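There are 2 protein chains.
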Amino acid sequence: MTQSRDAFEARLRQIGAERYHDLHPFHDLLHGGGCTPDQVRAWVINRYYYQHSIPMKDAAFMSRVEDHDGTDTNEGGIRRWLRLAEAVGLDPEYVASCEGVLPATKFAVDAYVRFVRDKTLLEAVAASLTELFAPKIHANRIEGLLKNYDFADDSSLSYFRNRLKEAPKDVAFGLGWVLDHADTQEKQDMAAKALIFKTDVLWSQLDALHSAYVDPARIPPGAWQPGEGLALKRAS
Amino acid sequence: MTQSRDAFEARLRQIGAERYHDLHPFHDLLHGGGCTPDQVRAWVINRYYYQHSIPMKDAAFMSRVEDHDGTDTNEGGIRRWLRLAEAVGLDPEYVASCEGVLPATKFAVDAYVRFVRDKTLLEAVAASLTELFAPKIHANRIEGLLKNYDFADDSSLSYFRNRLKEAPKDVAFGLGWVLDHADTQEKQDMAAKALIFKTDVLWSQLDALHSAYVDPARIPPGAWQPGEGLALKRAS
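These protein sequences, in sequence, are chains E and U.
Going by numbering that gives the first Met the number 0, the first sequence wraps up at 235, each residue one higher than the last.
Going by numbering that gives the first Met the number 0, the second sequence wraps up at 235, each residue one higher than the last.
Hints are not guaranteed to be accurate.
Which copy is meant is left open, because identical chains are indistinguishable; a pair holds if it fits in one copy or across any two.
[Said to hold, decoys possible] Simulated crosslink set (SDA-like; lysine to any residue; CA at most 25 angstroms straight-line):
#1 118 with 96
#2 192 with 34
#3 118 with 35
#4 192 with 224
#5 146 with 188
#6 186 with 148
Don't read these hints as lab results, they were simulated from the structure.
Values in this document were obtained by computation on a predicted structure and should not be read as measured data.
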């Protein structure tokens with residue numbers, strides 16, 4: 000049975016409450032100051048792959064609906080992420096090369112880009128609704144990083160400050176659009192499934208990171224090894 | 000510079016020596032009898048997703064080259080895998096539903112199917128050469144499972160016995176084809192990269208399994224939970 004607009008919105012929000020990656024233990028470690036410098040670097044390197052794929056995802060999206068993010072913002076987001084990379088001692092060129100990114104990260108992110116390209120518009124928009132759950136994690140992250148790590152300051156964290164400002168605008172549009180267009184049970188189920196898919200994409204990235212770099216670390220063959228890709232000046 | 004046929008074959012074999020998933024600690028655990036019944040079940044459930052995708056991969060492949068595996072074999076392989084599922088106490092219908100498969104497993108296997116569909120024929124054949132490295136792991140597995148687990152017998156392990164018989168034939172064709180057709184440095188590099196990609200696909204699946212179900216287990220939201228999907232008669 001088709002759910003009411005409110006009941007359907009509550010169902011979407013429940014997916015975040017149960018499956019969003021703020022529940023992953025890696026974030027506690029990161030935000031709480033429990034990460035070693037190399038664990039922070041591994042996170043920066045791998046999350047970059049996600050970041051650099053967003054313009055591709057948006058290009059796929061733009062051909063389908065008015066872009067609600069904008070190319071400038073995308074490029075700005077990559078630039079801000081590379082500022083973070085420098086702040087944690089990494090060579091931004093190494094990070095931008097995407098060498099050393101975990102294969103599992105690539106498989107998950109590539110699956111997301113293809114999902115947005117190949118699925119219905121409703122599913123593509125619904126997948127973006129993880130932004131509904133993002134402000135809390137971004138706020139926690141800024142607070143935790145500032146408190147616990149020397150590298151954290153307004154410049155290195157500008158990526159998150161920016162998302163904190165933009166995500167609510169972006170997602171208000173997306174949520175309204177999904178609530179308007181998911182007007183049958185079948186479409187509501189499709190939208191909910193798409194949002195679950197996206198939480199899986201995010202969760203898998205942290206799982207890969209956790210199992211590669213957190214005790215007991217098992218770095219897969221070919222992935223970034225601590226000591227690689229450091230900026231010459233700031234190597235520590 | 001283009002490598003000689005022998006040097007290029009040695010290069011391909013070296014990729015297996017360094018990156019094939021027989022090096023993953025999960026296999027030691029499994030073959031050595033260190034897995035709990037639930038860890039064996041998690042392996043059977045997740046590996047099924049790979050198994051059931053092989054016909055799709057082969058269908059993509061068949062439209063490009065004479066199939067060297069055959070649909071009968073594929074269907075036989077799935078049937079033999081479900082026999083193993085029953086032997087470890089799982090409901091074969093649950094396993095065949097692919098519910099509860101780890102998202103990271105899906106992302107990796109789906110990436111492989113698409114790789115075979117979208118890349119050059121040379122890359123598609125080169126990716127199949129992980130079979131070069133398979134006989135040793137299949138022999139170790141049969142020996143280890145027979146020795147260490149009650150469920151293991153000729154019927155439940157028929158999948159591996161069959162692969163042990165077929166893989167060498169299949170891969171002899173594939174290896175010869177790749178050695179013949181990779182006649183420039185560029186093509187040799189492409190083939191080596193494709194084989195590395197495939198080792199990443201296999202390794203990622205074990206990493207996901209290990210981090211979800213081996214101590215400290217972190218099962219992702221929505222993935223199989225021990226106790227689910229058991230066969231009524233044989234639930235233990």
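(message) Of the numbered hints stated earlier in the document, which are not met by this structure?
(response) The structure conflicts with hints 2, 3, 5 and 6, although it agrees with all the remaining ones.
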